[in-house]
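Asker: One letter stands for each residue in the lines below.
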Amino acid sequence: MIGNDIVDLEQAERDSNWKRPGYLSKLFTSEEQFLISSNIQPDCMVWLLWTMKESAYKIDSRISKLREFAPAKLVCNNLIIHDNTATGNVTYNDQLYFTKSVIEESYIHTIASITLEELEVIKIQIIETKEHSLRFGNPDSVSHHGKFLAFVYA
Amino acid sequence: MSNEELIIKLKPIVANYAQDKLALEQINLDTDFIKDLKINSANLVDVILDVEEEFDIVIDNESMERMLNVQSAIEIIEAKLARK
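Quick note, the sequences are listed as chains W and L, same order. Position 109 of the first sequence, counted from 1, bears residue number 109 in this note's numbering, the numbering being contiguous throughout. Positions in the second sequence are counted from 1; adding 154 to them yields this note's numbering.
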């Protein structure tokens, strides 16, 4: 089971004011808030952590069929950023997820899996379109935000 | 406040983030913030912060977990108002 999440950084800048009082503490743990405040690009860190949480949450909700809005319960750990890629873990409901992210100028995209082996073989396709219902083949997880549509295949 | 009154107060808040304007016009107890109104999940926290300001209440994380539709939002707002 795999999950993915994309954030269009321009769209996020238009739609979300994460500097709003109370905003970060509802979404992020205190450790994550420290990663954001201490980063030279706090915007980037906000959306990197957010895509990690969302990609893991999508796996959980598909298995459990349960929905909740509890972003601070999805805890990001072991984040390592190297150039424009990042790897990390998310824990949620006692389950560990592995994540891998790409940080581009216009978007951040993260994939998640319960196993490292599966994470390594995921194929990713990201296109620019407004047609959010567009599909290629039979993707295992789809994410759209702003002008981007992302498909991942296990 | 009645359910109708609460929905009237809730509607302009969610209108700022709802991408499905038709679903917004037909807002009712069963309306789901994400599935029906197509509110971006990162904006759900804005809805919650706006609700806190509008009703002068604090929505703890446990309550926030359930705030995915109009019905539960109204239940939570009523419970918090009753405790004021």
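Hints are supplied without guarantee of correctness; some may be wrong.
Claimed, not checked - Straight-line C-alpha distance at most 20 angstroms; calculated EDC-like pairs for lysine to aspartate or glutamate:
(1) W:Lys26 x L:Glu179
(2) L:Lys192 x W:Asp15
(3) W:Lys26 x L:Glu219
(4) L:Lys189 x W:Glu68
(5) L:Lys238 x L:Glu179
(6) W:Lys130 x L:Glu229
(7) W:Lys26 x L:Glu216
(8) L:Lys165 x L:Glu206
(9) W:Lys65 x L:Glu179
(10) W:Lys147 x L:Asp174
(11) L:Lys175 x W:Glu104
(12) L:Lys175 x W:Glu117
(13) L:Lys238 x L:Asp190
(14) L:Lys234 x L:Glu207
(15) L:Lys234 x L:Asp174
(16) W:Lys73 x L:Glu216
(17) L:Lys163 x L:Asp210
(18) L:Lys192 x W:Glu104
(19) W:Lys73 x L:Asp214
(20) L:Lys165 x W:Glu117
(21) W:Lys19 x L:Glu159
(22) W:Lys58 x W:Glu117
(23) W:Lys65 x L:Asp190
(24) W:Lys123 x L:Glu206
(25) W:Lys58 x L:Glu208
(26) W:Lys26 x L:Asp174
(27) W:Lys26 x L:Asp184
(28) W:Lys147 x W:Glu104
(29) W:Lys26 x L:Glu159
(30) L:Lys192 x W:Glu68
(31) L:Lys192 x L:Asp214
(32) L:Lys192 x W:Glu117
(33) L:Lys192 x L:Asp210
(34) W:Lys65 x L:Asp184
(35) W:Lys19 x L:Glu207
Said to hold, decoys possible - Simulated restraints on C-beta separations:
(36) L:Glu208 x W:Ser25: 18 to 28 angstroms
(37) L:Lys238 x W:Glu118: 44 to 54 angstroms
(38) W:Ser37 x L:Glu219: 42 to 52 angstroms
(39) L:Asn157 x W:Pro21: 39 to 49 angstroms
(40) L:Asn215 x W:Asn77: 30 to 40 angstroms
Hint data in this document are derived by calculation from the structure and do not stem from the laboratory. All C-beta atoms, glycine included, are put in the ideal place defined by N, C-alpha and C.
Asker: For a C-alpha distance cap of 20 angstroms, please report whether L:Lys192 and W:Asp15 respect it.
Answerer: With a Cα-Cα distance of about 13 angstroms, the restraint between L:Lys192 and W:Asp15 holds, given a limit of 20 angstroms.
Asker: If you draw a straight line from the CA of L:Lys163 to the CA of L:Asp210, is it 20 angstroms or shorter?
Answerer: The hint holds at about 13 angstroms.
Asker: Is the hinted pair W:Lys58 and W:Glu117 satisfied, with a Cα-Cα distance of at most 20 angstroms?
Answerer: At roughly 19 angstroms apart (the allowed maximum being 20 angstroms), W:Glu117 and W:Lys58 satisfy the hint.
Asker: Could one say that the CB atoms of L:Asn215 and W:Asn77 fall in the range 30 to 40 angstroms?
Answerer: violated (19 angstroms)
Asker: Would the pair W:Lys26 and L:Asp174 pass a check requiring their Cα atoms to be no farther apart than 20 angstroms?
Answerer: With Cα atoms ~25 angstroms apart, W:Lys26 and L:Asp174 exceed 20 angstroms; violated.
Asker: Quickly compare the C-alpha distance for W:Lys65 and L:Asp190 to 20 angstroms and report which way the hint goes.
Answerer: holds (18 angstroms)
Asker: Hey, W:Lys73 versus L:Glu216, does the alpha-carbon distance stay inside 20 angstroms?
Answerer: Holds: W:Lys73 and L:Glu216 sit about 10 angstroms apart, inside 20 angstroms.
Asker: Compare the distance between the alpha carbons of W:Lys19 and L:Glu159 with 20 angstroms, and conclude whether the hinted pair is satisfied.
Answerer: violated (31 angstroms)
Asker: Hinted pair, alpha-carbon criterion (20 angstroms max): L:Lys175, W:Glu117. Please report holds or violated.
Answerer: With Cα atoms ~43 angstroms apart, L:Lys175 and W:Glu117 exceed 20 angstroms; violated.
Asker: Hinted pair, alpha-carbon criterion (20 angstroms max): W:Lys147, L:Asp174. Please report holds or violated.
Answerer: Measuring from Cα to Cα gives roughly 17 angstroms; hence the hint holds.
Asker: Has the given pair, L:Lys165 with W:Glu117, been kept, meaning a C-alpha gap of at most 20 angstroms?
Answerer: violated (46 angstroms)
Asker: Would the pair W:Lys26 and L:Glu159 pass a check requiring their Cα atoms to be no farther apart than 20 angstroms?
Answerer: violated (27 angstroms)
When each numbered hint is compared with the structure, violations occur for hints 1, 5, 6, 9, 11, 12, 13, 15, 18, 20, 21, 24, 25, 26, 27, 29, 31, 32, 33, 38, 39, 40.
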